[in-house]
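A.B. asks: Taking the hints into account, I'd like the entire structure generated from these sequences.
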Amino acid sequence: MSEFELHLTINGVLHVIQAEPCLTLLDILRDKLNLTGTKEGCGVGDCGACVVLINGQAVNACLVLAAQAEGKQVITVEGLAQDGNLHPLQQAFAEKWAFQCGFCTPGMLMSCYALLLNNPDPTPEDIRDAITGNLCRCGTYQSVVEAVLSTVKVSRKASHD
Amino acid sequence: MFHANYVAPSSLEELLSVLHHYGGEAKIIAGGTDLIPQMRLGKLAPRILVDPQRLPSHGITETSQSIGLGACLTHTQVINSTLMQRVYPALVDACHQIGGPPVRNRGTLMGNLANASPAADSALPLLVYDAQVVTASLDGEQVIPLREFYTGPGQTRLAVDEFICEIRVPKFSDQTKAVFLKLGNRKAMAIAVASIAVCLSLDELGQIYQARIALGSVAPTPVRAYHAEAILLSNGLNDEIIFAAANAAQQAASPISDLRASAGYRSKMVSVLTRRALQMISRGLSQDDANV
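In order, the protein sequences belong to chains A and B.
Here the first sequence is numbered in my numbering, starting from 1 and rising by one per residue.
Here the second sequence is numbered in my numbering, starting from 1 and rising by one per residue.
If you are wondering where the hints come from, they were derived from the structure by calculation, not from laboratory data.
In this text, a Cβ means the ideal position worked out from N, Cα and C, and glycines have one as well.
Some clues are possibly wrong.
[Unchecked claim] DEER-style ranges, computed between Cβ atoms:
| # | chain 1 | residue 1 | chain 2 | residue 2 | range |
| --- | --- | --- | --- | --- | --- |
| 1 | B | SER262 | A | VAL16 | 53 to 63 Å |
| 2 | B | SER66 | A | CYS138 | 46 to 56 Å |
| 3 | B | GLY42 | A | ARG137 | 19 to 29 Å |
| 4 | A | TRP97 | B | LEU12 | 50 to 60 Å |
| 5 | A | PRO120 | B | SER257 | 42 to 52 Å |
| 6 | A | ALA81 | B | SER257 | 47 to 57 Å |
| 7 | B | GLU62 | A | PRO120 | 30 to 40 Å |
| 8 | A | GLN18 | B | PHE172 | 51 to 61 Å |
| 9 | A | SER159 | B | ARG86 | 31 to 41 Å |
| 10 | B | LEU12 | A | ASN55 | 17 to 27 Å |
| 11 | B | ALA230 | A | THR36 | 55 to 65 Å |
| 12 | B | GLY24 | A | VAL16 | 32 to 42 Å |
| 13 | B | LEU12 | A | ILE17 | 25 to 35 Å |
[As the list claims (entries may be wrong)] Straight-line C-alpha distance at most 35 Å; calculated DSBU-like pairs for lysine-lysine:
| # | chain 1 | residue 1 | chain 2 | residue 2 |
| --- | --- | --- | --- | --- |
| 14 | A | LYS72 | B | LYS187 |
| 15 | B | LYS177 | B | LYS268 |
| 16 | A | LYS96 | B | LYS187 |
| 17 | A | LYS72 | B | LYS43 |
| 18 | B | LYS27 | A | LYS32 |
| 19 | B | LYS27 | A | LYS72 |
| 20 | B | LYS43 | A | LYS32 |
| 21 | B | LYS187 | A | LYS153 |
| 22 | B | LYS187 | A | LYS157 |
C.D. replies: Quick look at the structure:
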């Protein structure tokens, strides 16, 4: 298999990578770039542990060929915190205990982050719909909904002040 | 881990040449939501993956008679299109019940049809809207009615050197109503236990002059329930006709037992779903009122 030169913009940084074309975006993130925040659960798009954003949309990184992400903007969980400060969504996950073992958390965060990008004032039903593709075997779903709602409340308050 | 070459042609001619050159050893990859799991599980091992996403156009095009759904249209694009919401609400409902958001953001209508699962959600509304599959090969274009497209589980009339370049759906009058219902083990990320789409056109006296019913997950392919459709034609949508059609719909089903449900349960659910779908149309209800 001939190697490809890939140009991927990940969390705002352009990476030029030599890779086999049929590696998945998940393989590249974890094995070539050491961005191991994104997890591999099922590897077939069922569990959502590998959710990242491509051009603002939540996708399963295990179902995207790295070659298909050529030239696109990728955001992973490592791209949420800025200057050492947690993103408000991460802060809310911590405060509301929206995780237990933490394995689903990066994917869960990215699905919620994608939701808020497209819908800044979601209803609990919108949030539940946004995380239908994310499995949490610890069963923290209700706390995830509360965390997202509290993020919305905090940002609404901030914009009023 | 799997190995294959990858090419993303920038023109249809180039894409068709690659398909022709590699024959059955090439596979089209768009969203990859069905193909990558199959490759990972070793069920498919193509030599080359051909990505149509750099082809010039693949949106929604409207003419006076029909609407064309382009090759790489994703389920999310269908759901978010105000035109689709207005003209083909049953297709929007079906797309909204596929997988979860990450799958819908990548998966395409074209792929859902080409993968030819008997449980494909989007196939049912497209069957009752009487869609056509427009294919292209180096020999030219071909138009295949969707009702003749499937030949078996995972099998279609698509030749190895053919590409689905458009799904063409006729436009309907305001008297045409359609619904889609899916029975699954959960609301999201579920493969249907049984599913149905119904499309009826009623005249001003309430007589049905056009009826189409399609069933999913109860036969080797998505199927039309022709017997039930015949019962509905030229009748009003009353309880007696609804129950007769619901019973007749079972004749189109030849379900199997698998890990999701038994054959007997599926057969019964065909009648239940047919009755519910027809009642929803008769009462003017939408998907939001369905409690399946």
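A.B. asks: Next, verify each hint and record whether it holds.
C.D. replies: These are the hints, each one checked on the structure:
1. SER262(B) / VAL16(A): 53 to 63 Å: holds (54 Å)
2. SER66(B) / CYS138(A): 46 to 56 Å: holds (49 Å)
3. GLY42(B) / ARG137(A): 19 to 29 Å: Holds, at about 26 Å.
4. TRP97(A) / LEU12(B): 50 to 60 Å: holds (53 Å)
5. PRO120(A) / SER257(B): 42 to 52 Å: holds (47 Å)
6. ALA81(A) / SER257(B): 47 to 57 Å: Since the Cβ atoms of ALA81(A) and SER257(B) sit about 50 Å apart, the hinted range of 47 to 57 Å holds.
7. GLU62(B) / PRO120(A): 30 to 40 Å: holds (31 Å)
8. GLN18(A) / PHE172(B): 51 to 61 Å: Roughly 52 Å apart at Cβ, these two residues keep to the hinted range, so it holds.
9. SER159(A) / ARG86(B): 31 to 41 Å: Because 34 Å falls inside the window, the suggested range holds.
10. LEU12(B) / ASN55(A): 17 to 27 Å: Between LEU12(B) and ASN55(A), where Cβ atoms are some 24 Å apart, the hint holds.
11. ALA230(B) / THR36(A): 55 to 65 Å: holds (60 Å)
12. GLY24(B) / VAL16(A): 32 to 42 Å: Holds: the Cβ-Cβ distance is about 35 Å, inside 32 to 42 Å.
13. LEU12(B) / ILE17(A): 25 to 35 Å: At roughly 30 Å between Cβ atoms, ILE17(A) and LEU12(B) fall inside 25 to 35 Å, so the hint holds.
14. LYS72(A) / LYS187(B): With Cα atoms ~31 Å apart, LYS72(A) and LYS187(B) stay inside 35 Å; holds.
15. LYS177(B) / LYS268(B): holds (24 Å)
16. LYS96(A) / LYS187(B): holds (26 Å)
17. LYS72(A) / LYS43(B): holds (30 Å)
18. LYS27(B) / LYS32(A): Within the cut-off at roughly 26 Å; holds.
19. LYS27(B) / LYS72(A): holds (23 Å)
20. LYS43(B) / LYS32(A): holds (27 Å)
21. LYS187(B) / LYS153(A): Between LYS187(B) and LYS153(A) the Cα gap is close to 28 Å, so the pair holds against 35 Å.
22. LYS187(B) / LYS157(A): Holds, at roughly 34 Å.
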